[in-house]
Amino acid sequence: MLFTIQVNNKKIKAEKGETILSALNRNGIIIPTLCRMKEFTPTGACRMCVVEVEGRDRLVTACSQPVEEWMKIKTHSPRVITARKTIVELLLSNHPDDCLYCDRNLNCELQRLSEELNIRERRIRGRKIKPRLDQSSPAIIRELSKCILCGRCVRVCEEVITATSLDFINKGRETHVGAAMDRDFNFSSCVHCGQCVLVCPTGALHEKHNISEVQEYLNKPEIVKVIQYSSMVVYGIAEELGMRYTREFDKILNTILRKIGFDKVYKTGLGTDVCISEIAGQLSERIENKSDNPLYISACPAWVKYAEQFIPSLIPQLSTVKSPQQITGVLIKTLVADQLGVKPEEIFSVSATPCMAMKFEARRDGMMRKGISDVDSVLTVRELARLIRLYGIDTSNIEHEPADEPMSGRSSAAILAEVSGGMAEGVIRSYHYQKMKKEPDIQIFKKLRSGGTFREMSVMIGETEVKVAVVDSLTGLEKLKVSIAADKKYDLIEVMTCPGGCVHGAGLSFNNSKDEIKTRSKLVYQADDTEAINLPCKSPSLINLYEKLLKDNADIADKKIFFTHFEKRNVLL
Amino acid sequence: MGTDLDIILRKYKQGKREDLIPLLQEIQDDLGYLSEEAIVKTGRFLGLSTTKIYGLATFYDRFRFFPSGKIQIRICHGTSCFLNGSQTIINKIKEETGVMPGQTTRDGNFSYEIVSCMGGCCNGPVINVNGQYHTHIKAEQLPELIKRLKYVIEND
Numbered sequence: 006m007l008f009t010i011q012v013n014n015k016k017i018k019a020e021k022g023e024t025i026l027s028a029l030n031r032n033g034i035i036i037p038t039l040c041r042m043k044e045f046t047p048t049g050a051c052r053m054c055v056v057e058v059e060g061r062d063r064l065v066t067a068c069s070q071p072v073e074e075w076m077k078i079k080t081h082s083p084r085v086i087t088a089r090k091t092i093v094e095l096l097l098s099n100h101p102d103d104c105l106y107c108d109r110n111l112n113c114e115l116q117r118l119s120e121e122l123n124i125r126e127r128r129i130r131g132r133k134i135k136p137r138l139d140q141s142s143p144a145i146i147r148e149l150s151k152c153i154l155c156g157r158c159v160r161v162c163e164e165v166i167t168a169t170s171l172d173f174i175n176k177g178r179e180t181h182v183g184a185a186m187d188r189d190f191n192f193s194s195c196v197h198c199g200q201c202v203l204v205c206p207t208g209a210l211h212e213k214h215n216i217s218e219v220q221e222y223l224n225k226p227e228i229v230k231v232i233q234y235s236s237m238v239v240y241g242i243a244e245e246l247g248m249r250y251t252r253e254f255d256k257i258l259n260t261i262l263r264k265i266g267f268d269k270v271y272k273t274g275l276g277t278d279v280c281i282s283e284i285a286g287q288l289s290e291r292i293e294n295k296s297d298n299p300l301y302i303s304a305c306p307a308w309v310k311y312a313e314q315f316i317p318s319l320i321p322q323l324s325t326v327k328s329p330q331q332i333t334g335v336l337i338k339t340l341v342a343d344q345l346g347v348k349p350e351e352i353f354s355v356s357a358t359p360c361m362a363m364k365f366e367a368r369r370d371g372m373m374r375k376g377i378s379d380v381d382s383v384l385t386v387r388e389l390a391r392l393i394r395l396y397g398i399d400t401s402n403i404e405h406e407p408a409d410e411p412m413s414g415r416s417s418a419a420i421l422a423e424v425s426g427g428m429a430e431g432v433i434r435s436y437h438y439q440k441m442k443k444e445p446d447i448q449i450f451k452k453l454r455s456g457g458t459f460r461e462m463s464v465m466i467g468e469t470e471v472k473v474a475v476v477d478s479l480t481g482l483e484k485l486k487v488s489i490a491a492d493k494k495y496d497l498i499e500v501m502t503c504p505g506g507c508v509h510g511a512g513l514s515f516n517n518s519k520d521e522i523k524t525r526s527k528l529v530y531q532a533d534d535t536e537a538i539n540l541p542c543k544s545p546s547l548i549n550l551y552e553k554l555l556k557d558n559a560d561i562a563d564k565k566i567f568f569t570h571f572e573k574r575n576v577l578l
Numbered sequence: 066m067g068t069d070l071d072i073i074l075r076k077y078k079q080g081k082r083e084d085l086i087p088l089l090q091e092i093q094d095d096l097g098y099l100s101e102e103a104i105v106k107t108g109r110f111l112g113l114s115t116t117k118i119y120g121l122a123t124f125y126d127r128f129r130f131f132p133s134g135k136i137q138i139r140i141c142h143g144t145s146c147f148l149n150g151s152q153t154i155i156n157k158i159k160e161e162t163g164v165m166p167g168q169t170t171r172d173g174n175f176s177y178e179i180v181s182c183m184g185g186c187c188n189g190p191v192i193n194v195n196g197q198y199h200t201h202i203k204a205e206q207l208p209e210l211i212k213r214l215k216y217v218i219e220n221d
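Chains as they are written, first to last, in our numbering: chain L, 6 to 578; chain D, 66 to 221.
Bound-form chain D, shown alone (with noise of 0.2 angstroms):
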């Protein structure tokens, strides 16, 4: 994994603190978090303390510190998806995985974080399985749904 870093950070330029954020970006698609290495040589590069690329990547929800789950799942928890009932299928959704947002579950299969909003105000509850979207979802969808994604990553 370090080499894939270092390729990364060969695109940019050294100690140009302008970049932090397209660079954490670019690292985080690539590796699928920031991990600890990642922080401290992206410090090393830009000349910036790893305190502060924590500080500025924490502020940001869609920077990750572990790596996500192979399912990732994100629940729109906006203003019109709350007032639709956005909060029954959080609870749903921990009750099945048994881990907190931000978490993943020890297999490593599933992760799923709260979002504030994606957009489809009108089509509420909104959630994004790994860049899939499903709208008006209800809490007695999920058992079913998560027992199809569990098959499909079991068999993949």
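For reference, chain L alone in the conformation it holds in the complex (with noise of 0.2 angstroms):
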């Protein structure tokens, strides 16, 4: 039901039950908001969208307020204005104030509001809070003094991932952001998933930087210097360097790496491809076996930890398969390694992902063969934006060429591996070719493509029915666990961590609205629409891979290097 309100003195539409905001929004009236996430029930802790409503005493939160039919709306009057204004003074109190040595310099909400509130004086001095810097975890860094206390970052751990490794400390003055028993991070329930770094406003949260290990490494010449890039970082980079994405951008993206001083570029497509053809190779082997539990697809590392830590209970059930990232980087270290004649230790291997887990992964036990680790440093699509910034590329005017042999092809799977589903719809098709000898209509997967935390589908595949869930975030699980206590039954799982997949991955820009990630979501699918080879066993690259490169290197061709191993962790839980 629409009804009218006055907003400065003009009337605008509104909907019953909607909050204040969302008519304002829709209306084109733009309100500074600091604690509100956009797909979460309102908190109204900052107050930060306070306006002024005619017959009420005190400021209202529009964030969290529902309009009335008669309301009197004032947004940006004097004494709104000046409340805004003195919640970031206060905020900016007790603050480190070192903007420009800070992780989120330029691309900070706290910055952006006191730029947008016109605040030039410094009018109110607290006591700094005491610093505190947490580096224990492989992943995620904690800067306490630079917290604001919003509870963006606890939410999103609670709500979305279910890890509740972060909560509210302490009260009043002393309150921070902590995990269990203000322990450092390392030995909390974290997965390093990275959500709460992209909600974060200010640089409290942020990634673990590789970039100064990354450089010492390109300056020393002895060091054969690789780095593997999945699909989703090309799109990540263009994004970030403000580049218009074309599908020849990865010709873009190979040239610049090259001229930052990488000796060899490829494309971690290759082992998406491996791992998908793996997957669906353990799957045909469960099928044949008719085994009751299901198997679970284990590439994303985030997922992996929680499964470790929660459900210990899964773990045989976790599919063995390295993750694409990790195959590449066993690859690098023992195929090319082989090719260039260096030894696998002379190789610094430089992974860029979407994803912040991958940072833990790589540090993962079994990760490693001979004591030499697969891959040796991560960067998110943010670092190495800002290495490519560092070294000063001038990307308008830029020549394309080829990623690297053997590891320059991928077919389209390995790009929808990307979005959530992805991975599984891969998995299937290759099953399908396996056994049916022809690709299956795309139309069956439709299910899986569609919304909602919770998807499933079953297929016929010659005798045998497959059935297939996808857990897209971890919220999901809860409905999985449900289906499975009413007796349903599953050869194949994926589960996602980061809701809609790596392309909402915590690597990539901090722009990630709905729209954004779903103008990736699409981006994938176009490319697996148009692109000629879309099963990993019809790429040309993976075929000479598997018929020659591993056949004939009697050291790997048993193909253990793609195989790890899970263990239960105990952690604070």
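Wrong hints could be hidden among the right ones.
[Said to hold, decoys possible] Here are the computed lysine-lysine pairs in the DSSO-like style, where the Cα-Cα straight-line distance is at most 30 angstroms:
#1 D:LYS117 - L:LYS43
#2 D:LYS78 - L:LYS573
#3 D:LYS117 - L:LYS133
#4 D:LYS81 - L:LYS484
#5 L:LYS295 - L:LYS565
[As the list claims (entries may be wrong)] If you want the ones that stay clear, here's a sample from chain D, every Cβ over 10 angstroms from chain L, calculated:
#6 GLU83
#7 ILE86
#8 ASP94
#9 ARG129
#10 SER145
#11 GLY150
#12 ASN188
#13 LEU210
#14 ILE218
None of these hints come from the bench; they were simulated from the model. Ideal Cβ positions, reconstructed from N, Cα and C, are used throughout, including at glycine.
Take the two lone chains, each set in its own frame, and fit them into one complex as the hints suggest.
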């Protein structure tokens, strides 16, 4: 039901049941917000969105107050502006003010608000928050002095990721956000997905930087510098550098990376193809053995850690295939090292990903061979963009170059794995092709591609019915549990930690509105539609790898390098 | 101690989150503090994460996370006691025991904490030693009091 409200002496239409904020936003009136997150219930904690409502003594929070028919609202009256300004001034009163050295410099919501509200002097002085830097986690750094206690990380960790590894500790002046028993982060149940970093408005949470490490190695002439990047990185870099994304952009990225000083540039896509084929192999084995237990895809490192600590009973059902990044990494340290005639320890292997948990995964037990880790350093898309800017590469007029063999090609199933449900789709396609010698109709995957945190489908392949479930963000696990409790059997289950899959990865740009994520998924589906090779087993790179390279190399011909193991973890849950 | 904890937990219903605070209170009454083990076990029992329980428990001043001293002193720092000079009492106790509020001396004898109001506003400053109230306390009286308490512990 629509009715009229008056805003700043103008009449606008509002819908019954919506909040003042949503009515205003729909009519093009912008109000600053801080603690608000779009898909969450409002808390009204920061009071940034206050407006004046005629007849009310106090200012009301637009994010949580429902509109009513009689309302006469002033959004930018002197009283409102003073209130908002004071809030930011108070937040700044105990802030460390080291913007110039901050990770979020020029990209900080607090900085932006202070600029928008025209704060030009320090009116309120407070005692600074005691600095506390927690660098214990392999992926996420906490700088508590920069925290403004908006609570977004706490909510995302509890409501979206369900790991609940952050909460407010203490009260009053002493309040801070921390892990269980106020210990350092590496002891906590954090799965390193980094969604908290994406929602943090300041630099209080950010990724662990590996740039200086990479830089150091780039300057060593005796070391072979190698980088791999996944399909989402291509789009992410275009986005971060403010360039127009085209389908040829990966070729531009290759050139950029070589200009920075990487000797070899590979695509993680081949690793994804290997991962999909190997999982399809495991699936076929399970179905032949008529196993009751489902096969869980273990390509998402955050999900793997989640399973290891919260549901250790699932560990035997996790696919032992390494993740695409690790497969590509181990191929670089074995195959490529052989081809180049260098020892594996003389290669510095960097991986660029849209994921933060990959930083943790690269350091996992079982992700190394003969004491040499598969991947030496992991950069998020944001870090890679920073590195590109640091090296002053002119990106406007740049030639196109292909990636290096033997890891230059991928199938479109590899790019599809970047969206939630894509990996499962790729595996089913491969399995279907393996059994029926033809590709399945894409229409059958419609159910896997729709929204919702839990999706399922079943498909007849030959005589057997294969049932697939997709858990999109860990909140979907609850529905999976209910389904399994109701005696539903699945053959293949894919779990992605970040809502939407890797397109919502924490290493991508901070601009991650719903529309932006939709655009990213659309690009992925488009690529899958238009590209010619849409099965891993049809990709020339994969055929070359399996038919020739692996067979020629007795050391790795048993494919053992593609597999790893998982173990129960003891952390404070 | 593990068994004590189990006995307490058995009195409650599994998974009932609203029981959290009474449960923690009972554990603290029994153990004297909330150990990490107790928090983890309670979390598993009620289906809550350790982080959440720790976050909630730190909100309340009365929950403690280390064993308290044999002599536990609580000093009122409410408005009335503050005006009557509770800060000098706090400073004196800090000086005498050598630990900060909320901490326990290394020999395990003393711990003290600052509380907001004990409801004895006309008698301030008020302190509470192991449940016994002392009113109109002056800083000069403290060394004598602490000496006496020490004597009691050592000869107990």
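Hint check results:
1. D:LYS117 - L:LYS43: Holds - the C-alpha atoms of LYS43 (chain L) and LYS117 (chain D) are around 24 angstroms apart, at most 30 angstroms.
2. D:LYS78 - L:LYS573: Since the Cα atoms of LYS78 (chain D) and LYS573 (chain L) sit roughly 28 angstroms apart, the hinted pair holds (cutoff 30 angstroms).
3. D:LYS117 - L:LYS133: Answer holds: LYS117 (chain D) to LYS133 (chain L) is near 26 angstroms, not above 30 angstroms.
4. D:LYS81 - L:LYS484: holds (21 angstroms)
5. L:LYS295 - L:LYS565: holds (24 angstroms)
6. GLU83: Non-interface label stands for GLU83 (chain D): nearest chain L Cβ at 18 angstroms, farther than 10 angstroms.
7. ILE86: At about 15 angstroms from chain L, ILE86 (chain D) clears the 10 angstroms cut-off, so the statement holds.
8. ASP94: Label holds. Min Cβ-Cβ 21 angstroms, cutoff 10 angstroms.
9. ARG129: holds (13 angstroms)
10. SER145: Non-interface label stands for SER145 (chain D): nearest chain L Cβ at 20 angstroms, farther than 10 angstroms.
11. GLY150: Given that every Cβ of chain L is farther than 10 angstroms from that of GLY150 (chain D), nearest at about 22 angstroms, it holds.
12. ASN188: Given a closest Cβ separation of 26 angstroms, the condition holds.
13. LEU210: holds (29 angstroms)
14. ILE218: holds (30 angstroms)
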